Amino acid sequence: MIQINYNGDQISIDKNSTILSAIEQAILLRDESISLKGIAVVYNNKVLPRRLWTETVCQQSDELQVFQAVAGG
Amino acid sequence: MLTIADHQFQSRLFTGTGKFSNSKLMLDSIAASESQLTTLAMKRIDAKNGTDDLMQPLLDSGVKLLPNTSGARNAKEAIFAAELSRELFKTNWVKLEIHPDHRYLMPDPIETLQAAKELIGQGFVVLPYVHADPVLCCRLQEIGIHAVMPLGSPIGSNQGLVSEEFLKIIIEQAHVPVVVDAGIGAPSQAARALELGADAVLVNTAIASSSDPITMAKCFKYAVNAGRLAYEAGLGGISTRAHNTSPLTGFLHDSQLSPV
Numbered sequence: 521m522i523q524i525n526y527n528g529d530q531i532s533i534d535k536n537s538t539i540l541s542a543i544e545q546a547i548l549l550r551d552e553s554i555s556l557k558g559i560a561v562v563y564n565n566k567v568l569p570r571r572l573w574t575e576t577v578c579q580q581s582d583e584l585q586v587f588q589a590v591a592g593g
Numbered sequence: 078m079l080t081i082a083d084h085q086f087q088s089r090l091f092t093g094t095g096k097f098s099n100s101k102l103m104l105d106s107i108a109a110s111e112s113q114l115t116t117l118a119m120k121r122i123d124a125k126n127g128t129d130d131l132m133q134p135l136l137d138s139g140v141k142l143l144p145n146t147s148g149a150r151n152a153k154e155a156i157f158a159a160e161l162s163r164e165l166f167k168t169n170w171v172k173l174e175i176h177p178d179h180r181y182l183m184p185d186p187i188e189t190l191q192a193a194k195e196l197i198g199q200g201f202v203v204l205p206y207v208h209a210d211p212v213l214c215c216r217l218q219e220i221g222i223h224a225v226m227p228l229g230s231p232i233g234s235n236q237g238l239v240s241e242e243f244l245k246i247i248i249e250q251a252h253v254p255v256v257v258d259a260g261i262g263a264p265s266q267a268a269r270a271l272e273l274g275a276d277a278v279l280v281n282t283a284i285a286s287s288s289d290p291i292t293m294a295k296c297f298k299y300a301v302n303a304g305r306l307a308y309e310a311g312l313g314g315i316s317t318r319a320h321n322t323s324p325l326t327g328f329l330h331d332s333q334l335s336p337v
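So the sequence lines, in the order shown, correspond to chains R and H.
521 is the number of the first residue of the first sequence in my numbering; add one for each residue after it.
78 is the number of the first residue of the second sequence in my numbering; add one for each residue after it.
Warning: the hint list may mix true and false statements.
Label pairs and their in silico Cβ distance ranges [stated by the list, open to error]:
{"hint": "1", "chain 1": "H", "residue 1": "Val239", "chain 2": "R", "residue 2": "Arg571", "range": "43 to 51 angstroms"}
{"hint": "2", "chain 1": "R", "residue 1": "Ser553", "chain 2": "H", "residue 2": "Arg180", "range": "32 to 40 angstroms"}
{"hint": "3", "chain 1": "R", "residue 1": "Ser553", "chain 2": "H", "residue 2": "Gly198", "range": "46 to 54 angstroms"}
{"hint": "4", "chain 1": "H", "residue 1": "Lys141", "chain 2": "R", "residue 2": "Ile522", "range": "40 to 48 angstroms"}
In case anyone wonders, no lab produced these hints; they're calculated from the structure.
Remember, predicted model here, so these are calculated numbers, not experimental data.
Note that the Cβ used here is the ideal one computed from N, Cα and C, for glycine as well.
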């Protein structure tokens, strides 16, 4: 297992997890009901395009932030 | 027909999605307004206070999305927000808004101009929210923004077109569409903006905070249509003294009733 920071919380995920897998594990751990279609990911302070979610492997202490649309004017 | 960056809009009423008491009411109100462009914001997912996915039902309704950079306090944060919104919403359109001051939410002109330059360079369609500053609007036009969004009054204040005299100058000088944003609190104020020659208005709080948002959305639709038609028809001139609309034929005391 490795530790990553997910939306401000420390969580443990499997070693060699891709970004997609890390998000899925985080959703399960945190019991979130999120559609993967409606999110965007910031990985170590950079916007990570969706096509790279399965190509990028998480490292110890990485930081993932997941955003979604909210109401606004 | 209003065109912004090759996209055509039949409706000159743009809407915001904030402050509605629930998502269904927001969707129904936007449908009632017949608005074809609506704004959304972004937020980091909060496990404790989960929110509905708003994007898909809006896309399903056929409305075009205009993500904003709300929350950005400077150009750097706004550019990052725009990059994130492009990834999230799959659109290169962005409502650039940078307001570091929480009390009045006044847009920062220096940071906005700087961010707009960078985002235009990155291929974004940039609609900056700005104060009703004619010089700034010209400067933004020069660097290639696609529409300007000057305020009527502070965001969510419902004060109406406090900036009217400056909006007139902006409209006169504009080569890009002028969308009056922020502060429009009543349909009559939206109509007024269109009468002045604004190309569109963006309305959020006035609809969302009405006790009947769906009806209010319809009212804004009619007001915007009336205002635009009035602009196209041409308003009559204003004068201090009266000009008779009926014949002043004096049938009792002819000499007293003749025009002065």
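Do the Cβ positions of Val239(H) and Arg571(R) conform to the proposed distance bound of 43 to 51 angstroms? 47 angstroms Cβ-Cβ, so the 43 to 51 angstroms window holds.
Checklist entry - Does the hinted range 46 to 54 angstroms hold for Ser553(R) and Gly198(H) at CB? => result violated, 39 angstroms
Using the C-beta atoms of Ser553(R) and Arg180(H), is the stated range 32 to 40 angstroms upheld? Holds: the Cβ-Cβ distance is about 36 angstroms, inside 32 to 40 angstroms.
Q. Does the Cβ-Cβ separation between Lys141(H) and Ile522(R) fall within 40 to 48 angstroms?
A. holds, 41 angstroms
Checked against the numbered hints above, the structure violates only hint 3.
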